[in-house]
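Chemist: Could you put the whole structure together from the sequences, leaning on the hints where they help?
Number of protein chains: 2
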Amino acid sequence: MQGLSCGTSNIVGVRFAIYPMADNFVEIIKGALEEVDTSKVWMQTDDVTTCVRGRSEHVFDVAKAIFIHAAKTGTHVVFSGTFSIGCPGDSEGDTYMSENDERLNEEKSQQESVEAASHFALYPMDNPNYMQVIADQCAVAQEHGTFTKGVHYASRLDGDANKVFHTLETAFVNASKTKERAHVTMTAHISANSPSKKDNAS
Amino acid sequence: MQGLSCGTSNIVGVRFAIYPMADNFVEIIKGALEEVDTSKVWMQTDDVTTCVRGRSEHVFDVAKAIFIHAAKTGTHVVFSGTFSIGCPGDSEGDTYMSENDERLNEEKSQQESVEAASHFALYPMDNPNYMQVIADQCAVAQEHGTFTKGVHYASRLDGDANKVFHTLETAFVNASKTKERAHVTMTAHISANSPSKKDNAS
Numbered sequence: 637m638q639g640l641s642c643g644t645s646n647i648v649g650v651r652f653a654i655y656p657m658a659d660n661f662v663e664i665i666k667g668a669l670e671e672v673d674t675s676k677v678w679m680q681t682d683d684v685t686t687c688v689r690g691r692s693e694h695v696f697d698v699a700k701a702i703f704i705h706a707a708k709t710g711t712h713v714v715f716s717g718t719f720s721i722g723c724p725g726d727s728e729g730d731t732y733m734s735e736n737d738e739r740l741n742e743e744k745s746q747q748e749s750v751e752a753a754s755h756f757a758l759y760p761m762d763n764p765n766y767m768q769v770i771a772d773q774c775a776v777a778q779e780h781g782t783f784t785k786g787v788h789y790a791s792r793l794d795g796d797a798n799k800v801f802h803t804l805e806t807a808f809v810n811a812s813k814t815k816e817r818a819h820v821t822m823t824a825h826i827s828a829n830s831p832s833k834k835d836n837a838s
Numbered sequence: 637m638q639g640l641s642c643g644t645s646n647i648v649g650v651r652f653a654i655y656p657m658a659d660n661f662v663e664i665i666k667g668a669l670e671e672v673d674t675s676k677v678w679m680q681t682d683d684v685t686t687c688v689r690g691r692s693e694h695v696f697d698v699a700k701a702i703f704i705h706a707a708k709t710g711t712h713v714v715f716s717g718t719f720s721i722g723c724p725g726d727s728e729g730d731t732y733m734s735e736n737d738e739r740l741n742e743e744k745s746q747q748e749s750v751e752a753a754s755h756f757a758l759y760p761m762d763n764p765n766y767m768q769v770i771a772d773q774c775a776v777a778q779e780h781g782t783f784t785k786g787v788h789y790a791s792r793l794d795g796d797a798n799k800v801f802h803t804l805e806t807a808f809v810n811a812s813k814t815k816e817r818a819h820v821t822m823t824a825h826i827s828a829n830s831p832s833k834k835d836n837a838s
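Chains as they are written, first to last, in the numbering used here: chain E, 637 to 838; chain U, 637 to 838.
Because the hints were derived from the structure by calculation, they are not lab data.
Among the hints, a few may not be true.
One copy or two, either will do: identical chains are not told apart, so a pair holds if it fits within one copy or between any two.
[Unchecked claim] Mimicking DSBU-like on lysine-lysine, the simulated pairs with C-alpha atoms at most 30 Å apart in a straight line are:
(1) 708 / 834
(2) 666 / 785
(3) 834 / 813
(4) 799 / 815
Note that the structure is predicted; figures quoted are calculated from it, not measured.
Modeler: Here's what the structure looks like:
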């Protein structure tokens with residue numbers, strides 16, 4: 637019984653949903669899922685969200701692929717979720733940690749060109765220097781060329797979905813390395829094909 | 637210049653979006669907004685999310701009302717957002733803190749009966765006892781009768797939307813009182829009218 641003590645693995649998870657703003661949303665979600673290889677992650681869906689867990693690279697690989705294959709339909713689609721590492725007690729699913737690091741969906745995702753806009757926020761838990769951790773990762777996003785600006789409670793990224801996810805993954809992984817057994821979460825709203833005017837003036 | 641130091645007010649904010657899974661999503665969102673009085677909050681929308689800020693009670697009043705009036709259409713609608721208090725440097729909008737505590741939308745929201753399911757997570761920042769803060773608020777949700785179960789990275793609430801929002805607001809406000817000038821965030825996915833089978837077996 638671990639109680640509130642730390643888990644033993646570096647398992648990463650994301651709890652998210654894909655929201656296609658269309659009458660045929662079920663079809664779009666199922667269609668995207670059919671194009672994504674999820675064999676290297678633990679995955680569970682209920683009526684509110686989906687949870688994907690495993691090695692960091694596979695969690696991001698699967699999350700990105702589902703978003704891209706849903707968004708390439710041209711429908712206004714949003715990915716909204718929270719990534720997590722180091723959550724106390726998180727260990728079920730450890731068997732997925734023995735997978736190798738070859739990403740199963742990367743090649744197919746890279747073939748698509750989807751313009752994405754994201755608001756994301758990092759939450760390094762139990763860390764007095766958390767604001768600096770966040771600032772450092774916004775600087776990384778600036779180096780990537782995806783950072784647009786800070787907004788209340790979040791930072792905005794714009795660009796090709798592959799690049800936006802690359803920044804999110806890098807920021808998350810970097811933040812998780814700033815402290816031993818760090819518990820870090822990251823929220824991200826990622827939107828494609830919105831009919832609203834982009835607010836990406838920096 | 638405040639830099640990374642604390643803001644001076646207890647202003648609360650939420651960055652969220654409403655996702656109606658329907659071709660007429662713009663109409664549903666605009667229709668809901670027309671029914672909601674937002675005069676006591678600071679509000680800004682861009683192409684990714686909407687940000688509402690002000691006194692805690694008005695932020696929750698407005699967020700709930702927008703969700704309920706969108707969901708009462710019968711369309712599968714999701715509210716997804718992050719509430720925040722004590723965010724370092726958050727002060728713009730302080731004028732809204734002088735509003736009185738009378739909720740402008742409560743009466744109308746209470747007239748609607750919308751069944752909601754929510755996954756929520758509390759993030760008390762820079763607090764070594766954060767897991768206990770979270771556990772205490774899950775206990776509060778159990779007292780409210782809205783708590784269904786813990787899921788990976790979140791807790792599940794079920795019930796009438798007015799009750800679910802009441803639990804969310806109580807948990808958030810309680811958590812923000814566990815430390816002086818606490819910085820606390822809370823994510824919530826709240827779903828109504830999903831065609832998926834409810835997973836609310838506790």
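Chemist: Indicate, hint by hint, whether the structure satisfies it.
Modeler: Structure-based check of all given hints:
1. 708 / 834: Both: 18 Å inside a copy, 29 Å across copies.
2. 666 / 785: between (34 Å within a copy, 27 Å between copies)
3. 834 / 813: neither (33 Å within a copy, 37 Å between copies)
4. 799 / 815: Result: close within a single copy only, 26 Å intra versus 38 Å inter.
Hint 3 alone, counting from the list given before, is not met by this structure.
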